[in-house]
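**Student:** Produce the complete structure using the sequences and hints provided.
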Amino acid sequence: MPRTLWEFLSDSLPAIGYNNIWSNEIDYQGLEAAASNISKAPLFRDQPNYDFRLICTSPCIDAGDPVQAGDPDGSIPDIGAFSFDQTISVNFSSDKQEGYAGDKFKFTSSVTTTEYNITKWLWDFGDGKTGSTKNPSHTYAKKGTYPVSLTVKDTECGSSKTRTKSTWIKILNSPPVLTNPPGEITINEDQMDSSIIVSSIFSDLDEDILSYTFIAPEHIEVFLINNKMQVVPMENWSGTEPIKIIATDNEQASAEVDVLVTVLPINDAPQLKNNIPDLTIDEDIMDSSLNVTNLFYDPDGDLLEYSYYELDHISISLNNDFIRIVPDANWYGTDTLKIVATDPSLESVIAVIYLTVKPINDSPELITHFPETLELEIPVDTSITFILNADDIDSELDYTWSVNGVLGSSQIDTFTYTFPEVGEFQIDGIVKDEEFEVLTSWIVTVTNPTSVNKDLSDRINKFLVSPNPFRDQTRIQIDLKETTFATIVIINFDGKVLKTIFDGRLNGQQIINWDGTNEQKQYVPSGIYYCVIQTRDGFVTRKVLYVR
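Quick note on numbering: my numbering labels position 309 of the sequence shown as 309, and the sequence is numbered without any gaps.
Simulated from the structure, these hints should not be mistaken for laboratory data.
There may be inaccurate statements among the hints.
[Stated by the list, open to error] Below, in silico cross-link-like pairs of lysine-lysine (DSS-like), each with a Cα-Cα straight-line distance of 27 Å or less: (1) 496 / 432; (2) 165 / 153; (3) 104 / 129; (4) 153 / 142; (5) 462 / 543; (6) 244 / 273; (7) 170 / 129; (8) 96 / 40; (9) 104 / 161; (10) 432 / 358; (11) 40 / 170; (12) 134 / 153; (13) 432 / 481; (14) 134 / 165.
All figures in this text were calculated on a predicted structure; none of them were measured in a lab.
**Tutor:** Dropping the structure here:
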């Protein structure tokens, strides 16, 4: 049987009657004597030199009476004169507690113990990473708050102690970083660009998903489509402007960069303005209300030159940006006016204007009247045929005749009246359409037959038309007995004056030619015509046959 522990300590009886640590088990059973005692060596630190302090593997540690007051370290009393201090005090610090992802943190451990030999340091940095040196350094990859714990061990004794600080390290948010500055953008006018991938410009150490915004000038619109910056210049704009790209993380920290956008000018053809109206004017009215600058514009602000297509019945001219439109006299109808605008690059556009000239009733036009002398002096009982040769471009004509206000019976262009008495008569001939009328008045003074002879035959030596009939030209030979003022006209079978071939002083012999044309220099049809010599004293006629 091995010697009991107390035999090594004292000759007095120990307080514990039975404490069997055989097989490393403590079986405390009171104060009475027992069959067994501690049967292991107490494992002193240096027994030969009488150093009876226990080492960490001694079976006497915590083998004393648990009822009695504990050891200074708060554990169950040890057996022996010297208690084994099981205290391990662990602490740590770091050179800083806040920083950014990528920053290096230096940790320093602090361990206080009297009995143990610390040989192992186990660090847990809270981000899934660990360390095993006494004073390590560690770098955090992401923002957040991290706990840190340190466990120290005496590997020989198997003892350890852990210290944890739950919110020791705080990794602050890192703003986005400009890592790949974009180049300038150069595009043509009216083109867009989507060459810049915004996610390639910035990076974020915290691996936040970045959002992107843009600050662009008024001439450029910017959109984010499929992670690309789409640049859309305003139509027809050119120039150079910056666009600011802003990347923002989850905590509203941001980074920005300017991209210079150059839009090269490309010539644009002139354009038509909207709502080009049709144009309606009245017949025989000149219009200059159409301003060509109201029809066209040039997207590039170029100065335009204007031209036009000629029309058949309408005269067109351009004066100080205004189109002058002059329809032919008495013409009406519709036509298409085409105005051309051309820029300095000779690109052009045509404005088509539908032009309507409305018919306007024209007043009758009196071409000739017979007698041409409006004041006549004739003998009583003389008959005179009055003739109105009139034309109306757009209406049928009506005729009325009156003598001293009394309506006559004729409703055609001739009126024959025999003046029955001496006196002054007013013959009114009116030619009219549905709107206008033209009045011609003759004042006829009727005298005593002794002073006026209506038949001029006795005053004419010769009145000969030759050849008669004729085709190309006939000669009218006249030989008056005395000089007088006379009018010689050609009238048709209806009494209508076709042409005045002489009007003036008729002196002696006179030869006058007629080529078969009227006042409009148009050839008259074949037929019977009359050559009439009219003086203030009367008239005389000759029949003429014209054959074409």
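**Student:** Hint by hint, note whether the structure agrees.
**Tutor:** Going through the hints against the structure:
1. 496 / 432: Distance of about 17 Å is within 27 Å: holds.
2. 165 / 153: Between residue 165 and residue 153 the Cα gap is close to 18 Å, so the pair holds against 27 Å.
3. 104 / 129: This hinted pair holds, its Cα atoms lying about 14 Å apart.
4. 153 / 142: The given pair, whose Cα atoms are some 30 Å apart, is violated under the 27 Å limit.
5. 462 / 543: 15 Å, holds
6. 244 / 273: The hint is violated at about 36 Å.
7. 170 / 129: 16 Å, holds
8. 96 / 40: 51 Å, violated
9. 104 / 161: 26 Å, holds
10. 432 / 358: 21 Å, holds
11. 40 / 170: 52 Å, violated
12. 134 / 153: 11 Å, holds
13. 432 / 481: Between residue 432 and residue 481 the Cα gap is close to 42 Å, so the pair fails against 27 Å, i.e. violated.
14. 134 / 165: OK: residue 134 and residue 165 at ~17 Å, within 27 Å.
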